[in-house]
Amino acid sequence: MSHSGLVGVYLSVHTPRYCTYDAAFAGKLAHPDFQAVRDGLVAQGRHVATLAPDAIVINSCHLIATFPTVVDGTPRHAGVLTAQEAPELIHGVAYDFPGDFELAAALVERGRAAGLPCTLANDVHYPLDYGTVMPVVCYLDRAQRIPVVPISVCLSADLDESFAWGRHIARATAALGRRAAFVASGSVSHKLVRGPERWPGAAEQELDHRLAQLIADGEYDKAWAWLRSVVRQRQLRHLADVLEFRAKPKEASVRVLRLMMILGVVVGLLAGQAARAAETVKIGFITSLSGPAGVIGKHMKDSVELALDHLGRKVGGLDTEVIYGDDQRKPDVGKQLADEMLKKHKVNFVSGIIWSNVMLAVAPTVTGAGTIMVGTNAGPHELSGKMCNELYFTTSWQNDQTPEAMGKYMQDQGINDVYAMAPNYAAGKDMINGFKRYFKGRIVDEVYTKLGQQDYQAEISQLRGKNPKAVFVFYPGDMGIQFLKQYAQAGLRDQIPLYSVYTVDETTLPAVGDAALGNFEARYWSPDLKNEASQRYVADFKKKFGYTPSYYGAQSYDGILLIDSAVRAVKGDLSDKKGMVAAMRKADFKSTRGKFTFNVNHTPIENFYLLRAVKGPGGETEMQIQKTIFENHKDAYYHECPMKW
Amino acid sequence: MRSRARVLTLLAGLLALGLVPLVAALTQQPFYLDLFRRIMIFAIAAVSLDLILGFGGMVSFGHAAYLGIGAYAVAIPAFYGIHSGLVQWPLAMVLSGLAALAIGAVSLRTSGVSFIMITLAFAQMLYYLGISINAWGADDGMRLARRSQFGGVLDLTNGYVFYYVVFGLLLTLLWLGNRLVHARFGVVIRAARSNEPRMRAIGFSTFRYKLAAFGIAGAIGGLAGALLTNQTEYLTPSYMHWTRSGEIMVMVILGGIGTLYGPVLGAVAFLLLEDVLSAWTVHWQVVLGPLLVLVVLYARRGLWGLLPEARRADG
Amino acid sequence: MNWLLVVEQCLNGLQFGVMLFLMAAGLTLVFGIMNLVNLAHGSLYMVGAYLATAAVTRTGSFLAAVVFALLGTLAIGMLMEVLALRTLYERDHLDQVLATFGLILFFNEAVAIVWGRAALFTAVPSALSGHIQVLPGIRYPAYRAVIIVVGLLVALLLYVVVTRTRLGMLIRAGASNRTMVGALGVNIRLLYTVVFGFGAALAALGGLMAGPIYTVLPGMGEEILIQVFVVIVIGGIGSIRGALAGAVVVGMVDTLGRAFLRPMLSTVIGPSAADNAGPALASMLIYILMAAVLYFRPQGLFPALRG
Amino acid sequence: MPTAEPLLAVRGLIKRFGGLVATDGIDLDVAEGETLAVIGPNGAGKTTLIGQLSGDLPPDAGSIRFAGVDVTALPAPARSQRGLARSFQITSIFREFTALDNVALAVQAHAGHSFRFWTPAFTERALREPARATLERVGLGARADVVAGTLAHGEQRQLEIAMALATRPRLLLLDEPVAGMGADESQRMVRLLRELRGRHTIVLVEHDMDVVWALADRIAVMVYGRVIACGTPEAIRANAEVRRAYLGEEVPA
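These protein sequences, in sequence, are chains A, B, C and D.
Per the numbering used here, numbering through the first sequence is continuous, rising by one, with the last residue being 906.
Per the numbering used here, numbering through the second sequence is continuous, rising by one, with the last residue being 421.
Per the numbering used here, numbering through the third sequence is continuous, rising by one, with the last residue being 731.
Per the numbering used here, numbering through the fourth sequence is continuous, rising by one, with the last residue being 264.
Extracted from the complex, chain A is given alone in its bound form (with noise of 0.2 Å):
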């Protein structure tokens, strides 16, 4: 949101039993029933600090003028504040925060050519109620920093004057290029009632509750109109008194114009409508483009593409803007990327990553920026473990789980004497434990080669020596490819049947074809996975694309589904980090996979299942599923991690 204009709504509350720092944070509260309000409020404060708004419009109903609306431009507000009304629980407080004359004049200039009376207030001396000044010093912004104009309610204003001033303040601010937040202060469901016991119910909170849900929707006509339909209905005692204010203390009638105000404020953005709209969702997306590994890369950015398709190219229902990134495979390179995106882009969620000493450079520099990372392959122990993070989730799976599925398959079959091997670097080493965590059975060998190595005839003479009954292997991308391309060529593909994990899939078969006949691999999904997201996307990406796509750009799919279910579940505020984490912990979307849930580190809990490679109805070579291995399979870090929701 770095448009100008009103950036930032609050309702908020000053109700001097929790408007003190101790009422506030040391534990003092008066009742216990305020604790969720003082939370709104530090929430609301949380909320300013990371809008960085250039300035704080405030109109409290305590600042009261009768004849003129009075605009504070004083450039700095400094004093010492005693509660006019609670001498006993605010007195003495300090307070120097910085003014912003020009935004003031401006106002009050508008104010002016629309006829409306108002006096621009430049000195020392005007005085600030609390309503004005504690929510502010208490809450909002604490360090004092952001400059505020306070502006009064004026008993002789009408409802059209007090929703005029409302647009104003919009338009001023926009015009002079401000990101400026109204704050509201007092509630809709004030109830001037004495003892604090006695404070405003359920039925009144109601009322915030609605008019908030009213302006959130969007729906500035029938808030207006459900207002002033409130105010002829006398549903609620003190509004109905309203009508006859004359009689009334003026608190009752300040309450209605302050909601003409907030009102006016919430329809002057209509200007700035398109603003609010502008907002973009921005998704940085990092994989590897370049290079032998570029395949992958590309399965992932076409699967990308076709999410935005199905989603109308909008996430969470807003504009979406991608900026794919290549990492060449290199994690200082994929960091530099990261740093980019996330301080030159600004985007608001980054995914992506296949591999998985990249994931370890990006991923804490993306959470520790307060961002959300959305892994859509990379999956090492240390995410699922120790080092998981409220920021961080994963639509694919736990490196381990994959080889652990592989072994408990071998293992169920009675398998014994396999020659298991992998290339000698760190993920090799983690697929041969995690298919020892299932598989119990004796294993005749176990054969580190050298990373990126392309002939294997000599390791392959030396496996045919050891005539095992099966051999598990993990060898990605092109090493894959040479290894089962020699292994057919030496005839073993017949005699001894091959188990492998992340090594035959869509990326390598077209490359192998009938090579791979008959080879087994474990996996979460499967083109050929029966459930209707699944069918949906393997038909579309093949339309579209031309080729059949793999797991690594099913989980892209995914990423980008699970990003669109969190903005849509937070109306699109992508400043509510906590809401949008709180909603993808639900894994509400279709998933390619079928329904799932995550575990508590944020990884999916998912089935596994057995594939083989078989001749196609087209005649060329696929994996299809033969049976499931593990229902709901949790990984098995997942206890290291002490994230607790």
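All the pointers check out, no bait thrown in.
SDA-like cross-link-like pairs, simulated, lysine to any residue; straight-line CA separation at most 20 Å:
#1 604/A / 378/B
#2 697/A / 675/A
#3 804/A / 540/C
#4 607/A / 135/B
#5 605/A / 387/B
#6 604/A / 381/B
#7 803/A / 540/C
#8 905/A / 646/A
#9 605/A / 133/B
#10 805/A / 540/C
#11 605/A / 384/B
#12 727/A / 428/C
#13 669/A / 705/A
#14 604/A / 128/B
#15 647/A / 252/B
#16 605/A / 128/B
What the hints contain is simulated information worked out from the structure, not anything from laboratory work.
Dock chains B, C and D against the given chain A, drawing on the hints supplied.
Chains B, C and D in isolation, oriented as in the chain A frame:
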């Protein structure tokens, strides 16, 4: 004595580098801070390589190994809880310097292409060693939980402070490098490149000086490694892969060998091009490749060489 | 020790060595004769593999693919020499490294643009997909046996051309004193272009033989390039004999190391330590070998007899 | 010549290149202050001899004693430190550096270790003064600041002598100092070398017989890697063996 054009370009360049943080602050784009800090770190590595490559004629194709050692010298102590930069950075320079001395002792017995290949061989050995040691993350690498601490005096987590630390180190390196290159030690190295047999005939046993230069270059490379780990808060053995040594070499040659300022220009040009082109098209390498060829064909002494030279060849 | 296995591994080592020789021959020819460090030799190996694969998928015949790949890469090699490399012969090795590094970037990306980033489908020609009985009890893939034969034939052909023919004499003369040969009226520029094209064709032959058993994708040249440089340095730069000897030595050491190093090591330092150190050591073996050779015999095992 | 131990004593020096025996058991003595010329047809092994004396070529057999010390095993730099300087048959100088720098480097080589990283070497008076003086001495004073590579061929030969002198040598090995020079240039070189006679022991390898007769105290004649005669110029002029060697009737070894 350098030509005016070169002195002006040099000053303008260094001034620009110094002002980047200001520009970044004004345009609300802190990203440029990270981009140029990374460029300066590689400039330090390139200048250290140029000490032996440009001035000493020792074409080391394994210089990235010392960056790797420097990086590990920061990450491993941090892994065990020692976060003080005052321990890590000197350790990085000492360890990489010693490694360079050891590798140099063997490599300097060869010359020409054999020297290029043997230095490459040792770097690849360190690379494969790195990816097979599980205790330190092997290929997955290690995360730097906290950047090097300097007892609150220097807070590297603050982008601007870290930027000026790197900038200061680059300036110091250029200054000290300049002194070294013109002092007796540097003269011996440069003369050995010009005519080794003649050096032996007039009484210099050049081996010990070349080895010392190799060690110094390795140590500064180690410092660059330490900075790089703090920059990316992460390190993997892939920092030591031969293609990374190739990239540092390209920066030196692209900038112009045999001058301390060439490699800085080379680093800026190469990494900026990489960033700009890759943002423009995913096929950026098809543009960068021919560009390098053109530089070799038409800018014979590198980009720095394009600037008019001083009247008398400055030795 | 199962002797049959040892013999089979030696055969594997020989085959891997011959495969390396196919590439090393072209590189050492260009390097030795024209004193040109050509990092882009791996790219020509890749181009050869791609042209052959494209031809096989279109025509279905492996032989047609071989001819098409050799001629195509010959032309590309000569074009590359004329456009980029011709002026670099007198230049410093450093400039040659930078220029050819640029060519690597160009070729990898160009191939990706034309054929896409995904690996192409390649398979051993059906005629050669069977096995042959080399020795009682040892069945050896026919295709790999063909590689050995082709490799040795190429070695013989090269030896004859370089030592017995007029072109060979010109090439050797050009190596020792380029200007003198030019002075004798020989169009030295054309000679170098032809030699470079010939070197490129050799690389292409290596590429098209490797295609069916390795992976054909952008960047496939660089992984093998480093091993080939090790070969020519061990063998002795510029000497065809050296390239062959170096290739076989590297092939054997690397293959036998991967097969038997761990068992041998475990007898010395115990199985668990061997399991950990073995693989790492195996990957480093050829580099340790090269460092040793360079230390004791910097000019390589069979230095080229020139100058 | 006094019977004190010779400054340079060579005994049984043999050097083979494959089948070719370049120096076939050479014995030679050079007394302090003497100028010995070594002459012989091309390929007689003269340059191989100089190479072995300077330490660039390790002999296959035999010994070299210099100033009473067996230096056979010492590498070239160590011999230079002991005062044994040489010039090269094919000019070998630092082409990118100025003439003054070239000579200053030679001075620097003998002015302690060069592990100094601070003061710019080209401004150290302790190196520049002696270098400039040596340049003056060989007649290149005016050309001090010219880049060596751009000097004329003759001037470069003079520069080589200057570099040798700058190492304050006890013995000068000069390998064809006037090779490739015009008449007047070689006259100037001879005048320079005559000036050095007596103050330095000189071993002079030369083809130009005028230069030899003008400078040599003694002459050694080498043919096919062997010294077939050694003596005063007059003796050598009269020696039948030498005439036959020079008149082309090769005497089989």
